[in-house]
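Peer 1: Chain A is fixed; fit chain B onto it per the hints.
There are 2 protein chains.
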Amino acid sequence: MNFKNTYKNFIIINPLMRGGIVPEEVQKELYDEKWMNEGYNVCHNCLEGRSGLVTKPPVKEFLEEIAHFYGGDYAEHTFGCRGAQFAVMKTVSELVKEEKYCNVVIADPNSHYSTNIAAEMCDLKVTEPPHSGYPEYKVDAESFAAKIEEIKKDKGKLPALVVVTHADPYYGNIAPVNEVGKICEDYEVPYMVNAAYTAGVKPINMKEMRANFLTVSAHKSMASLAPLGFLVTTYEWKKSAFITSSQKPDWSGRVFGKKIPNIFGCSIGGIPLISSMLTFDYVKERVKNWDNELKKINDFVDFMEDLGSGEIMLLGETPHRHHLLHFETPLFWEMSQKHKKKGFFLADEMKKRGITGIQKGLTKHIKLSVYGLKDKEIEMVKDAFYEISKNK
Amino acid sequence: MNFKNTYKNFIIINPLMRGGIVPEEVQKELYDEKWMNEGYNVCHNCLEGRSGLVTKPPVKEFLEEIAHFYGGDYAEHTFGCRGAQFAVMKTVSELVKEEKYCNVVIADPNSHYSTNIAAEMCDLKVTEPPHSGYPEYKVDAESFAAKIEEIKKDKGKLPALVVVTHADPYYGNIAPVNEVGKICEDYEVPYMVNAAYTAGVKPINMKEMRANFLTVSAHKSMASLAPLGFLVTTYEWKKSAFITSSQKPDWSGRVFGKKIPNIFGCSIGGIPLISSMLTFDYVKERVKNWDNELKKINDFVDFMEDLGSGEIMLLGETPHRHHLLHFETPLFWEMSQKHKKKGFFLADEMKKRGITGIQKGLTKHIKLSVYGLKDKEIEMVKDAFYEISKNK
Chain A
1 MNFKNTYKNF IIINPLMRGG IVPEEVQKEL YDEKWMNEGY NVCHNCLEGR SGLVTKPPVK
61 EFLEEIAHFY GGDYAEHTFG CRGAQFAVMK TVSELVKEEK YCNVVIADPN SHYSTNIAAE
121 MCDLKVTEPP HSGYPEYKVD AESFAAKIEE IKKDKGKLPA LVVVTHADPY YGNIAPVNEV
181 GKICEDYEVP YMVNAAYTAG VKPINMKEMR ANFLTVSAHK SMASLAPLGF LVTTYEWKKS
241 AFITSSQKPD WSGRVFGKKI PNIFGCSIGG IPLISSMLTF DYVKERVKNW DNELKKINDF
301 VDFMEDLGSG EIMLLGETPH RHHLLHFETP LFWEMSQKHK KKGFFLADEM KKRGITGIQK
361 GLTKHIKLSV YGLKDKEIEM VKDAFYEISK NK
Chain B
1 MNFKNTYKNF IIINPLMRGG IVPEEVQKEL YDEKWMNEGY NVCHNCLEGR SGLVTKPPVK
61 EFLEEIAHFY GGDYAEHTFG CRGAQFAVMK TVSELVKEEK YCNVVIADPN SHYSTNIAAE
121 MCDLKVTEPP HSGYPEYKVD AESFAAKIEE IKKDKGKLPA LVVVTHADPY YGNIAPVNEV
181 GKICEDYEVP YMVNAAYTAG VKPINMKEMR ANFLTVSAHK SMASLAPLGF LVTTYEWKKS
241 AFITSSQKPD WSGRVFGKKI PNIFGCSIGG IPLISSMLTF DYVKERVKNW DNELKKINDF
301 VDFMEDLGSG EIMLLGETPH RHHLLHFETP LFWEMSQKHK KKGFFLADEM KKRGITGIQK
361 GLTKHIKLSV YGLKDKEIEM VKDAFYEISK NK
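As you go down the protein sequences, you meet chains A and B in turn.
Take the first sequence: its position 324, counted from the start at 1, is 324 in my numbering, and no numbers get skipped.
Take the second sequence: its position 367, counted from the start at 1, is 367 in my numbering, and no numbers get skipped.
The following block holds chain A by itself, in its conformation from the complex (with noise of 0.2 Å):
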């Protein structure tokens, strides 16, 4: 296997990533102090068989840390927010099974494939509230309550579950999650927040928005490597959510008591546990930054949206509340039908530029981001489309 990385030096403005990357300092600890020496490096000194009770290196303090910071009650990490969604479903599908609620889960239509993958891995059906369409593609809180009625009529039970994925992946809009979630409180539904996209870069009180679930991304949004997640819960549904194994094999008798069949038992943690730990303290701290990232990305809003004079335009809410960016943008579709790299043209300009991040092939809508880039770097990615839209 011979590859190298191409995009080693590249400013990266690819929406999924900006959240995620690594401080140069932390990344330089984890080489330096030898974290990348095994697999197992959060288990030398596990006396109790699962990840999350270790206190060499401090797991345990860090999981009640995490809790705490996104305002919950309990954590556990998890392979990604994937994982925690999965065990977010399977926690309800018990319900399901005790015929509580209805095998059906309400899930906001701009939400992750993830959540729609959970829901289908626990024989969970996703139905959805409509969203406002072109060009703002908003989810409305009422919807939720209305789609809650349906289903009670429809099926005789409650749903088994409401999702609001708190920033959207296609449009970056910030749902209405403390709206959804006193309707669910009222319902007395069960109610998670996806929290992947905002989790680690802006503020987050799963309590003020009533949440029972957040599901949040480390690789997404905490500065960390891949693939963590944590599911963060409250007293009411930590028992359940993060029960423990209770097979028990017929011949030897063996128990694993401390295991979480939820998380696979034990979720390891490797090395994107630890450089989570590692890159906790910057994280806490940045979130603090939110509201200048804000102006930051809608400056940048602006400075395209008068650079394209009518030819790009923003989707999703106005002004922004999300690092997220998706434009509508006919003045590179025009180019590129006249280019000979055709829809191509635009990522390899970019590339040619050292910026790295638009969707291959796609010029009639983009999305990008600028968040946590220096001045410096954004002034870059504006030269970048200056030129480009200038044919320079």
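Keep in mind the hints are simulated off the structure, nothing from the lab.
In this text, a Cβ means the ideal position worked out from N, Cα and C, and glycines have one as well.
A portion of the hints provided could be inaccurate.
[To be verified] Only pairs whose alpha carbons sit at most 20 Å apart, straight line, appear in this in silico PhoX-like list of lysine-lysine:
#1 A:LYS56 with B:LYS8
#2 B:LYS56 with A:LYS351
#3 A:LYS97 with B:LYS90
#4 A:LYS364 with A:LYS351
#5 B:LYS248 with B:LYS258
[Stated by the list, open to error] Not close to chain B: a few residues of chain A, all C-beta gaps over 12 Å, as computed:
#6 GLU142
#7 GLU188
#8 GLU236
#9 LEU294
Peer 2: What follows is chain B alone, placed relative to chain A:
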């Protein structure tokens, strides 16, 4: 969070870790090439929406090579070997729903806990044939046939799966995987071999085993960072094991046609996957050296048993065919009774000598491995045991 790697320059003899030590030059490459810059390091050129289909870096080709290397037809990477086992259990649990098999899994009584947890996650019950007990703890192929017959009689249906742990995590015995494979083929029962402790250290051919599924741990036995595993399967089983998403939420009508629910849609990869790609050539070479390793391992057993003069004895098979060594050590237990640190004295004495990996608190039984250590390092381990046993 303020913590350092306590075991930075230690000799590691933890049998869980020895097959997963990452070569120093790969650690350096991971750092120098900035593969730790972002979690989504595999995703820059993702066009199809699943890491296994990415060609830059060559993940797709790598997975093809993995399948070939282990004698299978198709492979996907997973969140550890536990993720691979879960995918297998999910696959056969669909056949249980279709009433083709009953909801019972036969697994050897020395299985790793992750096998039992994966079954529990998929509502499958584990039943076990016996092992031979002290001091060898061996499993016998014929006992699997007897167990299949028993279940067929009791339940009126065949078990959904037979699992054999190739090298078990308790005694490091090599199970009769070929013989069990023959039995499963005769009964037409799906057959999984958990090669977490063998694939990547010794030559493996799942076709010779007649296995339908081979589960592999990259961080346990393929010199890679955690969490990473592989599920390798055959053309026959590929379609059901890696079936793509079919759910379609009602309002948006979105489909996620490239995503594989059994592996969470996409298993991301990240730095564990990059590390495995970078160490793969090294792993392919080292398995050729397995016979030499075995000789060193059995020489070490002789040394320990000589040192103990009847008070140190290897459990499991002799000569040993795997690097995981489990010694019964009344010698150390007697010493611990007189020591002020009690059972902790042994791990503590090893630590003083720069060696880690003996489970803290244990002296009656110890598990360790000298796999892949340089001769000089093995001498240091021997010296340590010698000095401790002589109370020097």
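Peer 1: What hints, given by number in increasing order, does this structure fail?
Peer 2: none
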